[in-house]
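**Q** Here's the letter readout for the chains.
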Amino acid sequence: MLRMDCLRSVYPELERCLVVTIMGAVAAELQSLGHRPNFFYLQHAMGLASSTGLGLALCLPAQKIIVIDGDGSLLMNLGSLSTMARYRPGNMVHVVFDNESLLSVGGFPTATATGTDLEGVARAAGIPCAVTVRSVEDFRAAVTAAIQRSELTTIIGKVEPRGPSVYITGLGLLENRFQFRGHIASLRK
Amino acid sequence: MPVSADNSRIIYDALKACGVRLMSALPETWLVHLIRMAEEDPEMMLVRLAKEEEGVGISAGAHFAGVKSAMLMQNHGFLASINGIVSFAHLYKIPLLMLISYRGSFGERDPWQTQGGNVTEPALRALRIPYRRLNAPEQAAGRIRQAQTLAESSLQPVALLLTRDLMWEE
Numbered sequence: 001m002l003r004m005d006c007l008r009s010v011y012p013e014l015e016r017c018l019v020v021t022i023m024g025a026v027a028a029e030l031q032s033l034g035h036r037p038n039f040f041y042l043q044h045a046m047g048l049a050s051s052t053g054l055g056l057a058l059c060l061p062a063q064k065i066i067v068i069d070g071d072g073s074l075l076m077n078l079g080s081l082s083t084m085a086r087y088r089p090g091n092m093v094h095v096v097f098d099n100e101s102l103l104s105v106g107g108f109p110t111a112t113a114t115g116t117d118l119e120g121v122a123r124a125a126g127i128p129c130a131v132t133v134r135s136v137e138d139f140r141a142a143v144t145a146a147i148q149r150s151e152l153t154t155i156i157g158k159v160e161p162r163g164p165s166v167y168i169t170g171l172g173l174l175e176n177r178f179q180f181r182g183h184i185a186s187l188r189k
Numbered sequence: 001m002p003v004s005a006d007n008s009r010i011i012y013d014a015l016k017a018c019g020v021r022l023m024s025a026l027p028e029t030w031l032v033h034l035i036r037m038a039e040e041d042p043e044m045m046l047v048r049l050a051k052e053e054e055g056v057g058i059s060a061g062a063h064f065a066g067v068k069s070a071m072l073m074q075n076h077g078f079l080a081s082i083n084g085i086v087s088f089a090h091l092y093k094i095p096l097l098m099l100i101s102y103r104g105s106f107g108e109r110d111p112w113q114t115q116g117g118n119v120t121e122p123a124l125r126a127l128r129i130p131y132r133r134l135n136a137p138e139q140a141a142g143r144i145r146q147a148q149t150l151a152e153s154s155l156q157p158v159a160l161l162l163t164r165d166l167m168w169e170e
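So the protein lines, in turn, are chains A and B.
Just so it is clear: in the first sequence, position 135 is 135 by the working numbering, and no numbers are missing.
Just so it is clear: in the second sequence, position 41 is 41 by the working numbering, and no numbers are missing.
The following block holds chain A by itself, in its conformation from the complex:
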């Protein structure tokens, strides 16, 4: 399963949500499908995409928040799963692309390559719904169902360690940030 195919399969669903992604391949690939003003790419601060999504979800209960995380980032902030589970916002979907690798720095194996099971970690942390998917069809079905359900869900998508040839995109970090906040302000009017 390729992350790019997964992103393509749910891209239409993302239009109605607020999306927070991690840095690297996820941000570059989602932008290659077409940037939208409701997408925010956290191009550093590994681990904090899920915390940002939690802040958004708690402050904007009428919006659907989708965090697109990765194994390397989530492993840097496993405590975030316990904080998410504590407040368990039903309007938050937490997608984790697990390629068992720190791909952008040369493909060093993460702990998920040596046995750490992020679905199990999420479930044990108290996330009410945690699933692992291994095909694009299952990924699309899981994400679509989670968006429609009102239950905090973590979806681990096991993907191959393949990414784009370049990671830097034409979208400035601050341009993205101000556009994202402006988009949310326009939703409140």
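Incorrect hints may have been included.
Said to hold, decoys possible - Below, in silico cross-link-like pairs of lysine-lysine (DSS-like), each with a Cα-Cα straight-line distance of 30 Å or less:
| no. | chain 1 | residue 1 | chain 2 | residue 2 |
| --- | --- | --- | --- | --- |
| 1 | B | Lys16 | A | Lys189 |
| 2 | B | Lys68 | B | Lys93 |
| 3 | B | Lys16 | B | Lys51 |
| 4 | B | Lys93 | A | Lys189 |
| 5 | A | Lys64 | B | Lys16 |
| 6 | A | Lys64 | B | Lys68 |
| 7 | B | Lys68 | B | Lys51 |
| 8 | A | Lys189 | A | Lys64 |
| 9 | A | Lys158 | B | Lys16 |
| 10 | B | Lys51 | A | Lys189 |
| 11 | B | Lys51 | B | Lys93 |
| 12 | A | Lys64 | A | Lys158 |
| 13 | B | Lys16 | B | Lys68 |
| 14 | B | Lys51 | A | Lys158 |
| 15 | B | Lys16 | B | Lys93 |
| 16 | B | Lys68 | A | Lys189 |
Calculated from the structure, these hints are not laboratory results.
Add chain B to chain A, keeping to what the hints say.
**A** Just chain B now, kept in the frame of chain A:
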């Protein structure tokens, strides 16, 4: 426990008066009254963290949502948050109002707190984070209001150091 309930109330009321509606916190002795006040206040969202750096992301999400927030942490929690401050709040111009209990300074009896006290202000200066100490209750409301105003206008982290003189009664 000789944590000042009266001065905690002054700090809490000042945060409310600034429009703060979300607080992230990780419990520490000097912050117990502030956390309890947030917990008992139906107008306040209290987010209890596993580690203080999460609070940078929580506050960024709140800022994107148009909600004013504050972070309650010990100075060791500030030290544990530095990468988030630099590679999120500074990089993306996110306002943070950080209330930091200033452990390990004059009068500290807990040996384990003492090293953090030595490096708190140098770390704040190295990060170019504007900060003031809160020493006396009569300063609190004004400086909290000024800190919140500066954080919002400059879109950057601003810190207030909650000192022993303000927080501890004995």
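**Q** Please write out, lowest number first, the hints stated earlier that are contradicted by the structure.
**A** 9, 10
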